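Keeping their order, the protein sequence lines are chains G and A.
For the first sequence, the positions run 1 to 112 when this note's numbering is used.
For the second sequence, the positions run 1001 to 1116 when this note's numbering is used.
Since the hints were derived computationally from the structure, they do not count as laboratory data.
The calculated lysine-lysine pairs, modelled on DSS-like cross-linking and capped at a C-alpha distance of 30 angstroms, are:
{"hint": "1", "chain 1": "A", "residue 1": "1051", "chain 2": "G", "residue 2": "49"}
{"hint": "2", "chain 1": "A", "residue 1": "1051", "chain 2": "A", "residue 2": "1062"}
{"hint": "3", "chain 1": "A", "residue 1": "1044", "chain 2": "G", "residue 2": "49"}
{"hint": "4", "chain 1": "G", "residue 1": "58", "chain 2": "A", "residue 2": "1027"}
{"hint": "5", "chain 1": "G", "residue 1": "49", "chain 2": "A", "residue 2": "1027"}
{"hint": "6", "chain 1": "G", "residue 1": "69", "chain 2": "A", "residue 2": "1044"}
{"hint": "7", "chain 1": "G", "residue 1": "58", "chain 2": "A", "residue 2": "1044"}
Covered stretches of chain G, as calculated for chain A (at least 3 residues, CB under 8 angstroms):
{"hint": "8", "stretch": "36-46"}
{"hint": "9", "stretch": "99-106"}
Just so you know, these numbers come straight off a predicted model, no measurement behind them.
The beta-carbon is built from N, C-alpha and C at its ideal position, and this holds for glycine as well.
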Amino acid sequence: AQSVTQLDSQVPVFEEAPVELRCNYSSSVSVYLFWYVQYPNQGLQLLLKYLSGSTLVKGINGFEAEFNKSQTSFHLRKPSVHISDTAEYFCAVTHNNNDMRFGAGTRLTVKP
Amino acid sequence: NAGVMQNPRHLVRRRGQEARLRCSPMKGHSHVYWYRQLPEEGLKFMVYLQKENIIDESGMPKERFSAEFPKEGPSILRIQQVVRGDSAAYFCASSPRLTGSTGELFFGEGSRLTVL
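Chain A extracted, bound-state conformation:
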């Protein structure tokens, strides 16, 4: 499967625990984006990363949330000390290099976080 792979698809955590969501972009894509979708709301941009660099994290909450995209391995969105309000679907998207890019994002199927 050459698509964007996210895991886990579903994650249940108790308040105060940590959540780690992983995203492997499409082959050949070096740009990764994370979005959050709350019930009855649209997609909210969180962060944009390239390999080993955070390009834009203007949509990330100031505390408890972090993201990385290491040289090797998937991108990880980490939420520390989760609260009920963190319950949402988290989507990862990838795109090829900007040069020659059509602007299209390719989405994974999402990771649904439930905080009890």
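Isolated chain G, as found in the complex:
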């Protein structure tokens, strides 16, 4: 079975600074990888996904992630964050859509 590890539970950054949220996965088969964002008291929204093809994936709100098969990583990045990016971010992995596994989440706090 696959699993996901998000290495940082909390990431505080200042506005307009770059940010990287780390995600590592383990799986014995090919996987699909996702990043979701959760704003307070809301459900999860898809930021971006990797299915196949180019390893650099661009998502909404200026976020991007890079799939690195050798390092089994799928880190999320944004070159310049805004206050409105403050939220919880979840990395997820599935290989057949029946069993999507989520990481424990990373709370991104953007300070003015």
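Take the given structure of chain G and dock chain A to it, following the hints.
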């Protein structure tokens, strides 16, 4: 609104009562998933259902919890004899048929259960 609809958004129950949480998937989606989110924790998979079938319930507690997705109507997550430890946010997600699916799940806004 064509999104995943969950109700109630907030539910308060006393210990020993029953909680019923409902989820209507997106139009055209036949797969429903339930996840539980405890404070400061990630999402934990509970159960995966298709119409009239439970496909995977490996994440469901063995007692007091049940789920269904009838031919007509919403999916229901039922918790009997609730205890304080059941207090959590319960999220429903749906996806289209596996064939041609991109693997993406579409989430509702969650039902927040508080057990007094």
